[in-house]
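Produce the complete structure using the sequences and hints provided.
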Amino acid sequence: MEVNMKGISASYQSVEEDDMGFRKGPWTDEEDSKLVNYITTHGEGHWNSVARYAGLKRTGKSCRLRWLNYLRPDVRRGNITLQEQLMILELHSRWGNRWSKIAQQLPGRTDNEIKNYWRTRVIKQAKQLKCDVNSKQFRDAMRYVWMPRLLERIRASEYQPVQPVITSTITQSGMDIQESETMWVNPSYTSSESSAEVQVPSSSDHTESRYDLPGCHVADSSEYGSDLFGLESLESFWNEENMWFLQQQLSDDLSLNK
DNA sequence: AAGATGATCAACCGCTACTCA
DNA sequence: CTGAGTAGCGGTTGATCATCT
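Using our numbering, the letters of the first sequence map in sequence onto residues 1 to 258.
Hints should not be assumed to be uniformly reliable.
[Said to hold, decoys possible] Derived pair list, reagent style SDA-like, types lysine to any residue, alpha-carbon separation capped at 25 Å:
1. Lys34 <-> Asn48
2. Lys61 <-> Ala103
3. Lys34 <-> Met20
4. Lys34 <-> Glu44
5. Lys101 <-> Arg119
6. Lys127 <-> Ile80
[Stated by the list, open to error] Distance windows between CB atoms, simulated:
7. Lys136 <-> Lys57: 46 to 52 Å
8. His46 <-> Lys24: 42 to 48 Å
9. Tyr70 <-> Lys130: 46 to 52 Å
10. Asn69 <-> Gly43: 43 to 49 Å
11. Ala156 <-> Asn97: 39 to 45 Å
12. Gly55 <-> Lys136: 17 to 23 Å
13. Glu152 <-> Gly45: 28 to 34 Å
14. Pro107 <-> Gly43: 32 to 38 Å
15. His46 <-> Ser157: 43 to 49 Å
16. Val75 <-> Gly25: 19 to 25 Å
17. Glu30 <-> Lys124: 43 to 49 Å
If you are wondering where the hints come from, they were derived from the structure by calculation, not from laboratory data. For glycine and all other residues, C-beta sits at the position ideal for the given N, C-alpha and C.
Shown next, in the form of structure tokens:
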């Protein structure tokens with residue numbers, strides 16, 4: 001039987017059935033088309049009925065997941081864009097592992113996809129830096145170093161303002177007004193403040209003191225593996241300018257907390 | 001060329017929340 | 001109120017592909 005995995009057709013032998021006779025494992029083209037046909041005709045919901053009446057030996061849960069994560073017509077495929085990466089970082093800093101909630105802000109992306117992105121890219125980078133992904137150090141690095149850089153890259157590539165995100169609809173005087181909020185472009189870390197307007201001392205002021213984040217090991221360039229955010233190397237984030245800026249931010253935070 | 005290792009992502013699992021009889 | 005059925009969420013697993021040695 002043929003199944004489609006990662007865009008290629010492959011023979012797959014290990015589709016099995018559980019004690020209840022439900023099939024498990026990758027979906028076949030035939031199963032996909034049965035599910036799509038049924039939902040096209042009858043609509044979503046009542047997943048156990050879908051499974052039964054569509055002639056699928058699958059659990060309702062499995063049908064729901066397959067539809068939402070793969071078969072839905074509005075599912076977006078392909079790489080996570082720079083804008084989406086920035087949104088994920090920002091929204092995760094607000095909401096934590098609320099993948100479904102984050103996914104709602106990214107049309108066409110599924111919670112599964114975002115979760116996978118976070119686990120495979122972001123957590124990996126935290127590990128490489130020997131930081132806990134939830135540590136203040138790593139979060140500050142994201143907020144004050146990586147996200148501004150990402151924003152700069154977006155602006156450089158588009159050469160136009162970043163699209164605001166429509167977050168709510170309010171009704172006023174009988175008219176629907178869409179209130180747009182630049183929810184992920186926090187002024188506190190826009191590029192103008194993070195780099196352009198910040199006075200960076202000459203390199204001689206701090207060349208000797210490569211900044212070690214407390215409890216956070218800055219890896220040698222040889223330790224860097226894949227490229228979070230599509231940058232050439234994570235090392236470029238941890239250059240002296242950004243280190244200096246991050247150090248200032250951290251010391252400001254500390255003084256505020258006194 | 002082949003085996004080892006790492007990265008990716010679809011799918012499953014367990015749990016909680018919600019609905020309804 | 002309670003229990004069954006269902007939907008949805010987040011964590012985890014495992015198959016496959018890609019890259020490295």
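**Report entry** Violated constraints from the hint list, given by number and in increasing order
**Finding:** Result: hints 8, 9, 10, 11, 12, 13, 14 and 17 break, sorted rising.
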